[in-house]
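Protein chains: 2
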Amino acid sequence: MVFKMTVNATRRTTRTLWLLLLVTLSVCICVCRASSPQEDSAMENIVTEKRAEESHRQDSADLLIFIMLLTLTILTIWLFKHRRFRFLHETGLAMIYGLLVGVVLRYGIHVPRDSSNITLSCPVNASPATLLINVSGKFYEYTLKGEISASELDDVQDNEMLRKVTFDPEVFFNILLPPIIFHAGYSLKRRHFFRNMGSILAYAFLGTVISCFVIGLMMYGCVMLMKQVGQLGGDFFFTDCLFFGAIVSATDPVTVLAIFNELQVDVDLYALLFGESVLNDAVAIVLSSSIVAYQPQGDNTHTFEVMAMLKSFGMFLGVFSGSFALGVATGIVTALVTKFTKLRDFQLLETALFFLMSWSTFLLAEACGFTGVVAVLFCGITQAHYTFNNLSADSQDRTKQLFELLNFLAENFIFSYMGLTLFTFQNHVFNPMFIVGAFLAVFLGRAANIYPLSFLLNLGRRNKITSNFQHMMMFAGLRGAMTFALSIRDTATYARQMMFSTTLLVVFFTVWICGGGTTQMLSCQRIRVGVDSDQDNSVSIAEGSERRSTKQESAWLFRIWYNFDHNYLKPILTHSGPPLTATLPPCCGPLARFLTSPQAYENESQLRDDDSDLILTDGDISLTYGDITVSTDATGAHTSRGPAFTGTGASDDLDRELTYGDHELVMRGTRLVLPMDDSEPTFTDPHHRLRV
Amino acid sequence: MVFKMTVNATRRTTRTLWLLLLVTLSVCICVCRASSPQEDSAMENIVTEKRAEESHRQDSADLLIFIMLLTLTILTIWLFKHRRFRFLHETGLAMIYGLLVGVVLRYGIHVPRDSSNITLSCPVNASPATLLINVSGKFYEYTLKGEISASELDDVQDNEMLRKVTFDPEVFFNILLPPIIFHAGYSLKRRHFFRNMGSILAYAFLGTVISCFVIGLMMYGCVMLMKQVGQLGGDFFFTDCLFFGAIVSATDPVTVLAIFNELQVDVDLYALLFGESVLNDAVAIVLSSSIVAYQPQGDNTHTFEVMAMLKSFGMFLGVFSGSFALGVATGIVTALVTKFTKLRDFQLLETALFFLMSWSTFLLAEACGFTGVVAVLFCGITQAHYTFNNLSADSQDRTKQLFELLNFLAENFIFSYMGLTLFTFQNHVFNPMFIVGAFLAVFLGRAANIYPLSFLLNLGRRNKITSNFQHMMMFAGLRGAMTFALSIRDTATYARQMMFSTTLLVVFFTVWICGGGTTQMLSCQRIRVGVDSDQDNSVSIAEGSERRSTKQESAWLFRIWYNFDHNYLKPILTHSGPPLTATLPPCCGPLARFLTSPQAYENESQLRDDDSDLILTDGDISLTYGDITVSTDATGAHTSRGPAFTGTGASDDLDRELTYGDHELVMRGTRLVLPMDDSEPTFTDPHHRLRV
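Residue numbers (my numbering), protein chains in the order written: chain A, 31 to 722; chain H, 31 to 722.
The shape of chain A in the complex, shown without the other chains (with noise of 0.2 Å):
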C-alpha cells in the first residue's frame, strides 16, 4: 500500500519536475529574449561595456537553450528506455525537441528589429580578417565573420535574434564531430571488424564513390530538368551536384546500431553496419573536399577539365593518406609513451595524455592542412589497438566513459541543433521537384552501393552476404550528423541553400522513419535477433575445418598484417606478444632487446607467446577454461580440442583472436561501451566472475 502510494508519487513527481524544466525553458526562452539594452550612460565606454555584457548575457542564453534541450532529451530518453519504448531513438528525440524549440523561436516571439547595426559604405578593396575601425577618435577591433549575400542583408538586420542561435558550422568541425568520430573509432568491435575488413573497405571506399557519383549524375539530370521546366532561381552546376552526393553518402545509423545492439543482431551484420558508416565518413569528407577544390583553370570554372580532375584526385588520395598517417602515428605516439613511462601509476596523468594526445592528432592534422575528424578517427583506432592495452584499468575505465559521454552529448546536441535550424535559418531554399529527386537519389545510390557489390563481395566470401542483411543494409543507410555538418559548413550560394534545406529533410525521413521502422524490418527480414556473439562462433567452429580454411583463403590480406603485427607492431607499441629478439632477424639483437619490455620475456618462458588481446595467461585459460560446462561457447570448444590447445604458431594465435577477441573488455572488467555491449560470455563458474 505504501510502497504502490509511493511508485504514484514518484510518478507525479516525474511530471511536475518535467513540467518544471519545460517552464524553464520556455520561462528562459522568453525572458533572455525580451531583455531590452539598459539605461544606457553618457559614457561612450560604459555603452560598449554593457552592450559587450548583453551579448555575453545573450549568448549564454542561447546555449542554455540548447542544454535544456538536452536535459528534457535525458528525461524522456529514460522514460522510453525504463518503458522499453524502441521506435523513437534519443537523437530522433532530440531533433522533436530541437523542431518544437525553433518553432518558438520562429513565430512566438517577436523581438523588435535591432537598430545597432550600422552598414559602412567606405568602399574598402579587400576584406582582411582583422579590420580597425576609427570611431571619432577611438579605434574599435573588429573580426571578419563572412561574406553575406545581397539578399540577405535585410534578413540580418531584421532577425537578429533568430542569427544569435544559428552557430558557427564550424563549431561542429571543430568540437562536436571529433569526439563522436573518436569515440566511433575507439570504440570499433575489433574481432568483427578485422574478420569482415575487406567488405568494410569495399563498402567504406568504392560503395561512398559509387554512391557519390549516381547521385551526383541523378540530381544533375533533375536540375537540368528544373531548368527546363524554370524551376531553378540560380546556377546550379554539375560539381554542386557531386558534392551533394558526397554530403549525403555519409552514413550514420548510430538509430539503428543501438537496437541491433539492445536486440544482439547478427554480430556480422552489426560489425558490417558499423564499420561501412564510420569509415564513409572518412571518404565523404575527404571526398567532398576533393570536390570543392576541382577548379579548372581559365574562365570557364564549370567545365571539365582532366588535370583539374586529377589533382582533385590527387588531393583525394593526399588528404586521406596524409591523415590516416598523422592519426595512426600519433597512436603509435601515445602507446609508446604509455609502454615506456610507469604513468600508469597515476591514473589521472594517464587518463590526461591520453585525452590530449588524441585532441592533438585533430589539432596537428588541422594545422597541416590535412582532415582532423579523419585523423581522430584513425587515431581511435590505434589508442583502442594498442595504447588501451597499456593503460591501467582505471584509466581504461576512465578514458571509455570519458568519451562515452563526450559522444553522448555531441551527438545530441547536432541532432536537436538540426531540429532548431530548420525554422531558425533564415535561407532555406525548399524546392519541391529537387526534394523529390534527392529522395529518389538517396535511394537508388544507396541500392547502387549495397547490392552491386554485395554480388561481387559474395563471389569471394564463403561466409556469404546474404539478401536479407542486403536488404538491411539498404534499409539501414540513415544519415545523421556527418551529412548535416557537411551541408551547412557553406551555405552562401543558392545551390548550397537548396541543398541545405534538402539535406535536412532526409535527415529527419531516414532517422524517423528508417529509424523508427528497424524492429519492424529486422522481422520482416527475419533476421536472427538475441544472438549471443558467442553462440554465433560456436556455430561456426562447429562447421570444424572448412570455417579455417574459409579464412585462410579469404582474408590473405588479414593475414598477412595479422603476422606483421602480432610479431612486431605489438611486441615494440604494448607489453605483450613474442619479444622481439625472438622475431626480427639476429642483426637487429641490441634494438630488438631495447624495445622488448620485460613482461615479454616472461610471456616467453611460458610455453606458448600469449597474445595481448587476452589478459589470460595460459595457466589461466586452461584452469578457467577448464571447468566450463556450456557446450555452445566457443571457449568450450575450445576446451574440447584439448591437444591443440597447447600448439604454437601464428595461425592459431589468429584463430584464437578471433575467437575470444572481444573477450578482452568484459575481462578486464571494463564497463563496455554501448554500441559493442553484445559479447558477454556466458561464464557459469562463479569463481571466474570474481576474478572478473
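Some but not every residue of chain A turned toward chain H, in silico, with C-beta under 8 Å: (1) Leu93; (2) Leu94; (3) Ile97; (4) Thr101; (5) Leu105; (6) Trp108; (7) Thr371; (8) Phe376; (9) Thr381; (10) Leu386; (11) Met387; (12) Ser390; (13) Gln431; (14) Leu432; (15) Leu435; (16) Phe438.
Label-pair distances were calculated between CB atoms; the ranges are: (17) H:Lys257 x A:Lys372: 53 to 63 Å; (18) H:Arg113 x A:Phe115: 48 to 58 Å; (19) A:Ile590 x H:Leu109: 36 to 46 Å; (20) H:His501 x A:Leu621: 52 to 62 Å; (21) A:Ile139 x H:Leu255: 53 to 63 Å; (22) H:Lys257 x A:Asp424: 50 to 60 Å; (23) A:Leu621 x H:Val466: 52 to 62 Å.
Keep in mind the hints are simulated off the structure, nothing from the lab.
Every residue gets a Cβ at the ideal spot worked out from N, C-alpha and C, and that includes glycine.
Starting from the known structure of chain A, fit chain H onto it as the hints suggest.
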C-alpha cells in the same frame, strides 16, 4: 641482468620520447609560424576562403602549442612524482614551460609585418556589435572584438602573431574557471569544513574584505608617492587600487594543499585553508565587480559618494546572494530529478544529466546577470551534499573523475598560459616601485586578514588556531588562477596594465617560492605531518565530553542548520534520513507522504534512522565494526561505547556524521579525488575490505 638492461632501456626511451616531444613542439611552433599565405588565385572569393582556412590552421597550431605544453607538463610531473620530488608542483612546472615557450615566441621567431589589416577612417558615430562592410558591392560581416588604445595600434599591426596566441580573457571565465571552481565545491571536505564553518566564513568574508581594503589603501599611498616622484605615466584612481586589492585577495593554495594531502597534515588546518581559498574566490570576484560598478553621478567620476558606494555594496549583496541562490537551486533540482526518477539504472544518462545541470547553473547565472563562477561553486557544494547520495555508485565515480580531469586540464592550462603571457602580452607596464609596494601590500594584507581574525576567532573557539597554524596560513596565501583571470579580464587602461604585470609577478613568486617552500615551512613550524584523520578523531574522542560541549557551544549556528538539514532537507532531496511523515507537523501529511521515498520508511522501521552519509545500516555497523581491534580508530571508540551507540536523536547523528562523514567515499568504493584523499580508514578486518 635482463631486467636491469631493460630498466636502462626504458630510461633511454623515456628520454628519447621526451626529446621527440620537445622537437615536435618546436617544429610545430616554427613551421606553423612560418606558414605563408599560399598562391593567390584571381577570384576574390577563393582568397577570402583561403584566408579563413589559413586563420583556422593558425588557430589549430596555436592550440596545439598549449596541448603540447600540457603533455610535456604531464610527463615531467610523472617523473617528479615518480622520484618523490616535492619542490615544484605541476602548476609551477606548467608556468616554467609556458615561460620557455613564451621566450621562443617572443624573441626566437620573426614574423613579417602583416599587411592585411586595414584601418578604416570613415567617421562613424558608434561602435556597433555587428558591422557590415560594403567592399566593392559585396557585404562582409564583422563582429566587434574590443577597443584598442592608440598606443596599441602599431602593435596590432606589427605583431599579429603574438596577438594570436593571446586568448580572449573571457575564455577563462566561461570555459576554464567553471570546472575548476565546481570541482572545488564538489570535493569540499564536508566533515572538517562544517566543523570549522564559522572560522572559514570569517576568513573568507571578513578576511577578504579586510585584505582588499588594506591592500587598496597601501597601494593608494604607493601611487601617491609615485606621482610625487614622477614615476606614474597615467591615471591611477583609488577605485583602481581597491580593485587591485580585490583581485589579489583571492588565494589559491593548490600547491600547498597538494603537499598537505600527500604528507597528511592536520585536517583542521587543511579544512581551514581549503575552505577559505574556495570561498574567498567567490568573494573576490563579486567584490571586484562591485568596485568596477562604483559610478558616482556627475562629471567627476572618481570622487567619494555615499550613494554610489551604497549602490556598490547593494550590488555586492545582490549578486552574491543571487548567485548563491541560483547555484543551490540548480543543485536542489538535480537532487530532486535524480531522486524521483530511476535514472540511476542508466549511468550514462545520469552522468550526462548531472553534467548538463551543473553547467546550466553557470549559464543561467550569467544570463540573469549574476556571477556564473560563484553559482557553480555553490552548485558543486549542493551536488556533493545531496545529489551525490542519489547517484548510482558508477555515476559517483564517473562524475568525480570527470570533474577531476577537467579541473586538472583547466588548471594546468591556465598556469602554462600565465607563463606564456609574461612574454607574449604586449602592453606590460613593469614599474619597480609599484611592484615593491604591491609585494609589501600583499604580505601585509594577508597578515591583516589572518592574525587579527585568528585572535578574535580564538576567543570563541575551544579548539584554538595555534600560532604555528596562523603562520602556516599566512605563508600559504598563494595567488593563482582566479587572481590571474580577474587581472587579465580588462587590460585597456594604463592602471590595469600595470596591475596585470604586477599580478603576474605576485603569482609567480608565491607559487614558486611559497609553494616550493611548503615542506620546509611545515617542518620549521613543527606542524604534525602523517596525521591520519581517524587518529585525529580518536584523540578528540579521548577528550570525551569536553569535545562534545565544545561543539555544542561554538557551533550553535551549525547545529541549527544541521537539524534542519537532517530532518527536512535530506529526507526531501535524498533517499535517506527519517521519513518526513515523522518530522513534519501532521497538517502537512499528504505532502510529506508525497515527498518521502520508500527507502525512508525502511529507515524508520529500523531501530534508529540511518544517516545518508553512512551507507552502512546499523546492522552492518555492529557486524563490521564489532571485531575491529585497532584502538586508535574512531570507529573502535564508538564500538567500545556500546549502549550509547543504539541511542537515537539528532545530536548523536551529528556526532556520527562528524566522525564518519568522510568515510562515506571509501565505504562506497568510490575512488577518492586527489585533494580529499586523506581519510582512508585503517580497517584490519579482511571481510570488510572485501565488502568495499
